[in-house]
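Residue 32 in numbering that gives the first Met the number 0 sits at position 33 of the sequence shown, and the numbers go up by one each step.
Hints were generated in silico from the structure; no laboratory data involved. Treat each hint with caution, since some may be false.
Unchecked claim - Calculated pairs, SDA-like style, for lysine to any residue (alpha carbon to alpha carbon, straight line, at most 20 Å): (1) Lys-53 to Arg-67; (2) Lys-53 to Asp-37; (3) Lys-50 to Ile-183; (4) Lys-231 to Leu-51; (5) Lys-70 to Asn-152; (6) Lys-70 to Ile-183; (7) Lys-42 to Ile-96; (8) Lys-70 to Pro-148; (9) Lys-130 to Pro-148; (10) Lys-176 to Ser-243; (11) Lys-50 to Gly-24; (12) Lys-235 to Pro-100; (13) Lys-235 to Ser-195; (14) Lys-130 to Lys-70; (15) Lys-176 to His-83; (16) Lys-130 to His-104; (17) Lys-42 to Gly-125; (18) Lys-130 to Arg-188; (19) Lys-50 to Leu-35; (20) Lys-70 to His-83; (21) Lys-42 to Met-108; (22) Lys-255 to Met-68; (23) Lys-176 to Arg-136; (24) Lys-50 to Ser-9; (25) Lys-130 to Met-68; (26) Lys-255 to His-203; (27) Lys-130 to Gly-163; (28) Lys-231 to Glu-109; (29) Lys-130 to His-83; (30) Lys-235 to Pro-148; (31) Lys-176 to Gly-128.
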Amino acid sequence: MSLRVVVLTSSRRGTASHHLPTLVGSPHYACVQVILVDGTAAKPKGHLMRKLRKVLRIGPLGALIGYRMRKWYGADVERLASIHDLGPLCASLSIPIATTPAINHVRTMELMREANADIGISLGNGYIGSKVFNAPRSGMLNIHHELLPEFQNAQSVIWQLYMGSDTTGYTIHRIDKHIDTGAIVRQERVPISFQSTLAATVSHTMVALLDRSALGLRQVLEDLDAELAAAKPQGKGRTWTTPSFCQFLRILSNYKRLRDRVQG
């Protein structure tokens, strides 16, 4: 009997839409359900206050930079990778899709149990509570498109550039009660794809990361028991957020220096 895999995602055009064509067709597991968070539930208490505190921490220019960068990780990647809408994609792959009002809603747990999930995969979600990640028999895995534990909660690529690195990567890890802190199942380094602009560098590298992490996830699911048994706890990590204006200037400066060095 093959492993029953359930995918949880908060995006109609994101990592799940990119990964599903790579994940289907295995004799060892089956994607039996996709759960799409439609965001119809009320925002949790304190949501606006947390956003305000973040703006105060990074400054208004940092908030503006964060807003402008969304396109680099969203629409630009969708275009480059030809990412399609999740609904028609699931129909073409014969994978049932259901919606839930919020990630940690009781409906999410019900759908996990109704699907008789052996393992849950989080692709493009926020914080997942223990009642959700413990619903599948073997828990849940997340793909973080950065290296852990050094870049917890970090946007891909930009913080590597901030640190003067020309390499990024992805990490497949178990989900626990904190963000990006669970035991590491698989990790792979991926070179940053330097382009003529920082925006293009981020989006092209994101496509490379998505391609590699899709293959990595399939390999993990092909031999899940052994992969989970070999998972290694993370050491002390460092958390990141949207860059401030001063941090962005350093990112931009390092990008230009590294691009010129790599491209000769």
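The hints, checked one at a time:
1. Simply put, Lys-53 and Arg-67 have alpha-carbon atoms about 16 Å apart, close enough for the 20 Å limit, and the pair holds.
2. Simply put, Lys-53 and Asp-37 have alpha-carbon atoms about 24 Å apart, too far for the 20 Å limit, and the pair is violated.
3. Using a Cα cut-off of 20 Å, the hinted pair Lys-50 and Ile-183 is violated, with the two alpha carbons roughly 29 Å apart.
4. The hinted pair formed by Lys-231 and Leu-51 fails the criterion: a straight-line CA distance of about 36 Å is larger than 20 Å.
5. Of the supplied pair hints, the one linking Lys-70 and Asn-152 holds, its CA atoms being roughly 18 Å apart against a limit of 20 Å.
6. Between Lys-70 and Ile-183 the alpha-carbon distance is near 29 Å, which puts this suggested pair outside the 20 Å criterion.
7. Taking the CA atoms of Lys-42 and Ile-96, the gap is near 23 Å; set against the 20 Å cutoff, the hint is violated.
8. Taking the CA atoms of Lys-70 and Pro-148, the gap is about 26 Å. The hint is violated against a cut of 20 Å.
9. Only pairs whose Cα atoms come within 20 Å are accepted, and Lys-130 paired with Pro-148 is rejected, the gap being roughly 24 Å.
10. Only pairs whose Cα atoms come within 20 Å are accepted, and Lys-176 paired with Ser-243 is rejected, the gap being roughly 28 Å.
11. With a C-alpha separation of about 41 Å, the suggested pairing of Lys-50 with Gly-24 is violated against the 20 Å cut-off.
12. Proposed proximity of Lys-235 and Pro-100 is contradicted: the alpha carbons are some 34 Å apart, above 20 Å.
13. Only pairs whose Cα atoms come within 20 Å are accepted, and Lys-235 paired with Ser-195 is rejected, the gap being roughly 35 Å.
14. Our distance criterion of 20 Å between C-alpha atoms is broken by Lys-130 and Lys-70, whose separation comes to about 33 Å.
15. A C-alpha spacing of about 31 Å is found between Lys-176 and His-83, which places the hinted pair above 20 Å, so the restraint is violated.
16. Using a Cα cut-off of 20 Å, the hinted pair Lys-130 and His-104 holds, with the two alpha carbons roughly 9 Å apart.
17. Note on Lys-42 and Gly-125: the hinted pairing holds, with a Cα-Cα distance of about 12 Å set against a maximum of 20 Å.
18. Simply put, Lys-130 and Arg-188 have alpha-carbon atoms about 32 Å apart, too far for the 20 Å limit, and the pair is violated.
19. At roughly 24 Å between alpha-carbon atoms, Lys-50 and Leu-35 are farther apart than 20 Å, so this suggested pair is violated.
20. The straight-line distance between the Cα atoms of Lys-70 and His-83 is roughly 16 Å, inside the 20 Å bound, and the hint therefore holds.
21. Under the criterion of a C-alpha separation no larger than 20 Å, the hint pairing Lys-42 with Met-108 is consistent with the structure, at around 18 Å.
22. At most 20 Å may separate the alpha-carbon atoms for a hinted pair to count; Lys-255 and Met-68 meet this at roughly 17 Å.
23. Taken as a hint, the Lys-176 and Arg-136 pair is honoured in the structure, with Cα atoms around 17 Å apart against an allowance of 20 Å.
24. This hinted pair checks out: Lys-50 and Ser-9 have alpha carbons roughly 19 Å apart, not beyond 20 Å.
25. Restraint check: the Cα-Cα separation between Lys-130 and Met-68 comes to about 33 Å, which exceeds 20 Å; the hinted pair is violated.
26. Between Lys-255 and His-203, the direct Cα distance comes to roughly 16 Å. Compliance with the 20 Å bound is thereby established for this hinted pair.
27. Between the alpha carbons of Lys-130 and Gly-163 the distance comes to roughly 39 Å, so the proposed pair goes past 20 Å and is violated.
28. Pair hint Lys-231 plus Glu-109 does not hold up; C-alpha atoms about 30 Å apart against a cutoff of 20 Å.
29. Of the pairs offered as hints, the one joining Lys-130 and His-83 is violated, with about 30 Å between alpha carbons and a cut-off of 20 Å exceeded.
30. The suggested pairing of Lys-235 with Pro-148 holds, with an alpha-carbon distance near 7 Å, which does not exceed 20 Å.
31. Proposed proximity of Lys-176 and Gly-128 is supported: the alpha carbons are some 6 Å apart, at most 20 Å.
Violated hints, listed in ascending order, are 2, 3, 4, 6, 7, 8, 9, 10, 11, 12, 13, 14, 15, 18, 19, 25, 27, 28, 29; each of the other numbered hints is respected by the structure.
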